[in-house]
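Q: Listed below are the residues making up each chain.
Protein chains: 2
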Amino acid sequence: MPALATLRTRLAELADLDALGGLASWDQETMMPPDGASARGHQLASLSRLAHERAVADEVGEWLDDIEADAAALSDLDRDIVRLARRDWDRQRRVPSELVGERAQAASEGQTAWQAARATSDFEAFVPALRRNVELARDYAACFNDVERPYDALLNDYDFGVPAQRLETVFARLTEGLTALLAEQSAAPADLSASLDVPIDAQKAAVLSTLRRIGVGDDSWRVDVSTHPFSESLSRRDTRVTTRYEDGSLESVVAALHEFGHALYERQIAPELERTNLGRGTSMSVHESQSKLWENHVGRNRAFTPVLAAELAAGGFPIDAEALHAALVQVRPSLIRVSADQVTYPLHIALRFELELALFENSLDIGDLPAAWNDGMRRLLGLEVPDAASGVLQDIHWAAGAFGYFPSYGIGCLIAAQLWEQLEADLGTQDTALSVGDIAAIRDWLAERVHRYGRRLDTEPLVEQATGRGIEVEPFLRHVTPLVEA
Amino acid sequence: MPALATLRTRLAELADLDALGGLASWDQETMMPPDGASARGHQLASLSRLAHERAVADEVGEWLDDIEADAAALSDLDRDIVRLARRDWDRQRRVPSELVGERAQAASEGQTAWQAARATSDFEAFVPALRRNVELARDYAACFNDVERPYDALLNDYDFGVPAQRLETVFARLTEGLTALLAEQSAAPADLSASLDVPIDAQKAAVLSTLRRIGVGDDSWRVDVSTHPFSESLSRRDTRVTTRYEDGSLESVVAALHEFGHALYERQIAPELERTNLGRGTSMSVHESQSKLWENHVGRNRAFTPVLAAELAAGGFPIDAEALHAALVQVRPSLIRVSADQVTYPLHIALRFELELALFENSLDIGDLPAAWNDGMRRLLGLEVPDAASGVLQDIHWAAGAFGYFPSYGIGCLIAAQLWEQLEADLGTQDTALSVGDIAAIRDWLAERVHRYGRRLDTEPLVEQATGRGIEVEPFLRHVTPLVEA
Numbered sequence: 134m135p136a137l138a139t140l141r142t143r144l145a146e147l148a149d150l151d152a153l154g155g156l157a158s159w160d161q162e163t164m165m166p167p168d169g170a171s172a173r174g175h176q177l178a179s180l181s182r183l184a185h186e187r188a189v190a191d192e193v194g195e196w197l198d199d200i201e202a203d204a205a206a207l208s209d210l211d212r213d214i215v216r217l218a219r220r221d222w223d224r225q226r227r228v229p230s231e232l233v234g235e236r237a238q239a240a241s242e243g244q245t246a247w248q249a250a251r252a253t254s255d256f257e258a259f260v261p262a263l264r265r266n267v268e269l270a271r272d273y274a275a276c277f278n279d280v281e282r283p284y285d286a287l288l289n290d291y292d293f294g295v296p297a298q299r300l301e302t303v304f305a306r307l308t309e310g311l312t313a314l315l316a317e318q319s320a321a322p323a324d325l326s327a328s329l330d331v332p333i334d335a336q337k338a339a340v341l342s343t344l345r346r347i348g349v350g351d352d353s354w355r356v357d358v359s360t361h362p363f364s365e366s367l368s369r370r371d372t373r374v375t376t377r378y379e380d381g382s383l384e385s386v387v388a389a390l391h392e393f394g395h396a397l398y399e400r401q402i403a404p405e406l407e408r409t410n411l412g413r414g415t416s417m418s419v420h421e422s423q424s425k426l427w428e429n430h431v432g433r434n435r436a437f438t439p440v441l442a443a444e445l446a447a448g449g450f451p452i453d454a455e456a457l458h459a460a461l462v463q464v465r466p467s468l469i470r471v472s473a474d475q476v477t478y479p480l481h482i483a484l485r486f487e488l489e490l491a492l493f494e495n496s497l498d499i500g501d502l503p504a505a506w507n508d509g510m511r512r513l514l515g516l517e518v519p520d521a522a523s524g525v526l527q528d529i530h531w532a533a534g535a536f537g538y539f540p541s542y543g544i545g546c547l548i549a550a551q552l553w554e555q556l557e558a559d560l561g562t563q564d565t566a567l568s569v570g571d572i573a574a575i576r577d578w579l580a581e582r583v584h585r586y587g588r589r590l591d592t593e594p595l596v597e598q599a600t601g602r603g604i605e606v607e608p609f610l611r612h613v614t615p616l617v618e619a
Numbered sequence: 134m135p136a137l138a139t140l141r142t143r144l145a146e147l148a149d150l151d152a153l154g155g156l157a158s159w160d161q162e163t164m165m166p167p168d169g170a171s172a173r174g175h176q177l178a179s180l181s182r183l184a185h186e187r188a189v190a191d192e193v194g195e196w197l198d199d200i201e202a203d204a205a206a207l208s209d210l211d212r213d214i215v216r217l218a219r220r221d222w223d224r225q226r227r228v229p230s231e232l233v234g235e236r237a238q239a240a241s242e243g244q245t246a247w248q249a250a251r252a253t254s255d256f257e258a259f260v261p262a263l264r265r266n267v268e269l270a271r272d273y274a275a276c277f278n279d280v281e282r283p284y285d286a287l288l289n290d291y292d293f294g295v296p297a298q299r300l301e302t303v304f305a306r307l308t309e310g311l312t313a314l315l316a317e318q319s320a321a322p323a324d325l326s327a328s329l330d331v332p333i334d335a336q337k338a339a340v341l342s343t344l345r346r347i348g349v350g351d352d353s354w355r356v357d358v359s360t361h362p363f364s365e366s367l368s369r370r371d372t373r374v375t376t377r378y379e380d381g382s383l384e385s386v387v388a389a390l391h392e393f394g395h396a397l398y399e400r401q402i403a404p405e406l407e408r409t410n411l412g413r414g415t416s417m418s419v420h421e422s423q424s425k426l427w428e429n430h431v432g433r434n435r436a437f438t439p440v441l442a443a444e445l446a447a448g449g450f451p452i453d454a455e456a457l458h459a460a461l462v463q464v465r466p467s468l469i470r471v472s473a474d475q476v477t478y479p480l481h482i483a484l485r486f487e488l489e490l491a492l493f494e495n496s497l498d499i500g501d502l503p504a505a506w507n508d509g510m511r512r513l514l515g516l517e518v519p520d521a522a523s524g525v526l527q528d529i530h531w532a533a534g535a536f537g538y539f540p541s542y543g544i545g546c547l548i549a550a551q552l553w554e555q556l557e558a559d560l561g562t563q564d565t566a567l568s569v570g571d572i573a574a575i576r577d578w579l580a581e582r583v584h585r586y587g588r589r590l591d592t593e594p595l596v597e598q599a600t601g602r603g604i605e606v607e608p609f610l611r612h613v614t615p616l617v618e619a
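Going down the list, the sequences are from chains A and B.
Numbering-wise (my numbering), the first sequence opens with residue 134 and increments by one.
Numbering-wise (my numbering), the second sequence opens with residue 134 and increments by one.
Honestly, the hints are just simulated from the structure, not real lab data.
Since the model is a prediction, treat every value here as computed from it, not as a measurement.
Hints are not guaranteed to be accurate.
Since copy identity is lost for identical chains, a pair holds within one copy or between any two.
[Claimed, not checked] Straight-line alpha carbon distances no greater than 25 angstroms define the calculated DMTMM-like cross-link-like pairs of lysine to aspartate or glutamate that follow:
| hint | residue 1 | residue 2 |
| --- | --- | --- |
| 1 | Lys337 | Asp191 |
| 2 | Lys337 | Asp380 |
| 3 | Lys337 | Asp357 |
| 4 | Lys337 | Glu281 |
| 5 | Lys337 | Asp151 |
| 6 | Lys337 | Asp351 |
| 7 | Lys337 | Asp453 |
All chains, full assembly: derive it from the sequences and hints.
A: Structure follows, in structure tokens:
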């Protein structure tokens with residue numbers, strides 16, 4: 134079947150170009166001297182233009198036609214490769230390349246405008262760039278006539294097959310459960326994070342030794358520093374995670390575990406999927422479930438905290454494990470999503486989902502966003518927003534035209550809790566293993582139930598395969614309830 | 134003129150892909166975890182295959198036809214762009230893509246075979262891989278019917294327009310001059326390098342502070358460590374040099390100055406050539422002239438040595454400047470090219486040129502290479518070669534199919550000396566400036582006379598432009614004579 138071989142060669146090429154783009158981005162955030170930025174922008178633009186051209190080429194459609202004419206002859210793996218190749222090709226072909234270019238341009242200009250607007254907390258200054266990004270996202274959504282609601286087309290870019298209607302049900306139940314739970318807290322507790330006044334040297338020692346304990350070795354990993362922590366998988370055996378160090382904070386350790394979760398997912402995808410179109414994590418929400426699982430269910434687990442405390446002590450910062458755990462799991466409503474605790478975090482997401490949906494279903498004008506934001510923060514978290522910078526202007530996503538992305542952060546939290554419950558149901562409690570830093574059973578269970586599939590299963594089918602049920606809210610509520618009631 | 138704009142867009146894309154390949158190679162040598170190698174091989178192969186396809190595409194020829202039909206309308210710059218684009222396209226189109234693939238494969242396998250053969254000093258084990266690379270290089274040369282001798286086609290890949298006949302004249306005079314000079318040395322002097330038993334920490338301090346003195350700043354440079362020192366220019370403002378540190382050696386400092394020379398060349402190419410086909414150094418020999426100029430004419434300059442001595446002292450290794458200089462310029466025939474002194478170095482190259490020419494003009498069989506090598510070392514340097522590992526097997530180039538490359542190392546030494554003579558004739562002696570580490574005048578003269586042209590002038594026209602004469606041997610002999618006679 135020569136068309137299949139030809140298709141697979143093209144898909145391998147696209148995977149290689151994608152890895153090179155990943156390398157260029159990783160380098161930009163970790164190694165590149167600052168004056169390299171402008172040329173790097175050109176290099177990345179050329180690469181993505183070329184990759185897009187190769188992905189949507191007419192010939193790919195011809196190869197697919199040929200292969201599909203004799204689909205019965207395909208192996209199971211090749212059937213999945215062809216199915217996803219067809220889906221990706223169809224979706225990408227629907228979007229005119231001028232619109233792709235306009236969106237890239239608007240995203241770039243939007244981020245510049247956002248940075249300036251956020252610096253002065255001036256929402257009005259951001260409105261034109263935001264409006265342009267919303268309009269282009271609407272044009273983009275209009276390219277897809279196979280979805281129920283336009284916003285579904287945007288969601289499909291991040292989490293294929295989880296439509297707005299499904300999210301409405303999930304976030305309604307989640308919001309109801311969390312707000313009821315938080316109502317039991319009479320007032321925001323005192324901030325315990327001051328007890329974690331960890332010097333940077335001790336943080337660094339703890340990050341590196343904790344990662345080493347859970348399998349990060351020099352043969353196939355790098356650990357670096359960047360402004361925003363991220364992970365980049367250049368291949369199954371070339372994994373790069375970053376974290377950031379701020380004096381007196383343990384965010385470095387938590388972020389490193391978070392990025393480890395993303396990275397482990399990519400490393401444990403079945404080897405035969407490498408350099409195919411299936412060889413990466415299936416969706417943003419499943420990816421986020423992996424980072425949240427390692428961040429919250431392992432890293433903040435009471436059983437694991439003594440390991441962290443020991444690594445901090447070895448790094449020169451002796452700390453009581455119980456005090457460390459109390460600070461790590463403290464619940465305290467706050468204004469900024471990225472530093473929110475694990476209980477209130479999904480409410481930040483629920484608000485963004487609600488506002489995005491209203492924007493794309495024309496029940497909210499852009500000019501009314503700040504008021505709607507502030508109302509939502511009052512209703513969901515009981516907080517007054519003092520200014521746009523710590524409110525509606527806090528995130529970069531909308532500035533970059535990334536609408537439909539936020540929900541995956543919330544769904545990721547739910548899937549993480551659901552997987553963790555299933556994992557402990559299957560394997561028994563992990564407390565003993567975690568207390569000595571042994572994560573082998575967790576790692577192997579995730580490989581078997583989640584990671585190895587790559588893109589072969591979409592989000593909800595994957596969750597069903599792993600847990601026997603679709604995405605559920607209750608496991609997350611069961612996970613967080615003791616944290617508030619404690 | 135839309136064809137010109139289209140051509141220039143393609144050339145910009147190719148420049149961007151080239152930079153991404155450079156990044157991937159830099160990363161491989163400096164940052165990549167070892168297990169990433171196999172996937173990186175795929176990524177680089179996909180990138181170069183794709184770049185080749187885009188470079189030799191039929192459409193490029195059509196654009197060139199269109200543009201050339203109205204060449205009078207072109208600006209000077211565009212005329213050079215089109216001239217080189219035509220030359221590159223014609224040259225690349227002559228070679229069947231199967232042959233390109235076979236050469237890449239043979240080069241990869243050749244390097245593996247060479248590593249094993251060198252480890253056991255077993256030339257016979259290397260013969261099949263070498264023979265394959267020679268045969269494919271012959272097939273490659275046979276694609277070009279516009280050269281006088283097949284070897285010229287190989288030379289053109291590294292140094293366009295400097296044919297074998299020219300090299301024969303140059304290397305004959307050079308060999309004659311150098312062997313006569315060395316005959317004045319009664320016996321090899323005692324090895325002074327022991328006086329440079331510099332600890333690695335002091336080397337590192339001296340490398341970084343010396344580079345900083347001559348303009349290496351964090352905004353647009355990186356200095357890293359790799360097994361073999363190299364430089365990589367990802368853009369005019371993203372320059373990466375490496376060096377290597379061995380206990381008790383000053384090679385780290387010398388190599389850093391060498392790589393600085395390569396890097397400065399790329400940085401000072403005229404900005405309007407960036408992202409065109411002219412925006413890089415014009416040839417291997419001119420590139421090598423820049424590295425050799427900074428290594429030998431600046432770094433080993435008696436006037437500059439006190440600066441190096443001061444930086445070593447600041448790094449914790451006090452050393453007498455005169456002793457340092459004596460060790461840096463010592464002449465002592467030796468077996469290994471890469472550690473040869475500046476006087477005997479070109480004789481190592483003359484030997485390789487002689488052998489390559491004989492191989493490609495069928496006057497030497499591959500099986501007779503070791504004997505011919507050993508004869509040459511006796512004749513040119515008066516040395517007995519004890520084994521193949523320190524003789525014919527010492528370099529990687531032939532294993533990688535890179536025939537025609539070595540001569541550029543020798544021509545680079547000549548051009549460096551010729552440029553330096555001209556520079557001091559134009560500007561006066563640089564001794565005072567160098568004694569305080571001031572290299573601004575040298576840097577600016579090189580920008581004006583050499584660097585800014587990029588590929589607009591080929592090797593010999595560029596040398597003529599800079600010095601008023603073609604490539605000459607005498608300046609180099611004048612430079613080295615005092616080093617032997619001293």
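Q: Let me make sure I understand: some of the numbered hints might not hold for this structure. Which ones are they, in numerical order?
A: 1, 4, 5
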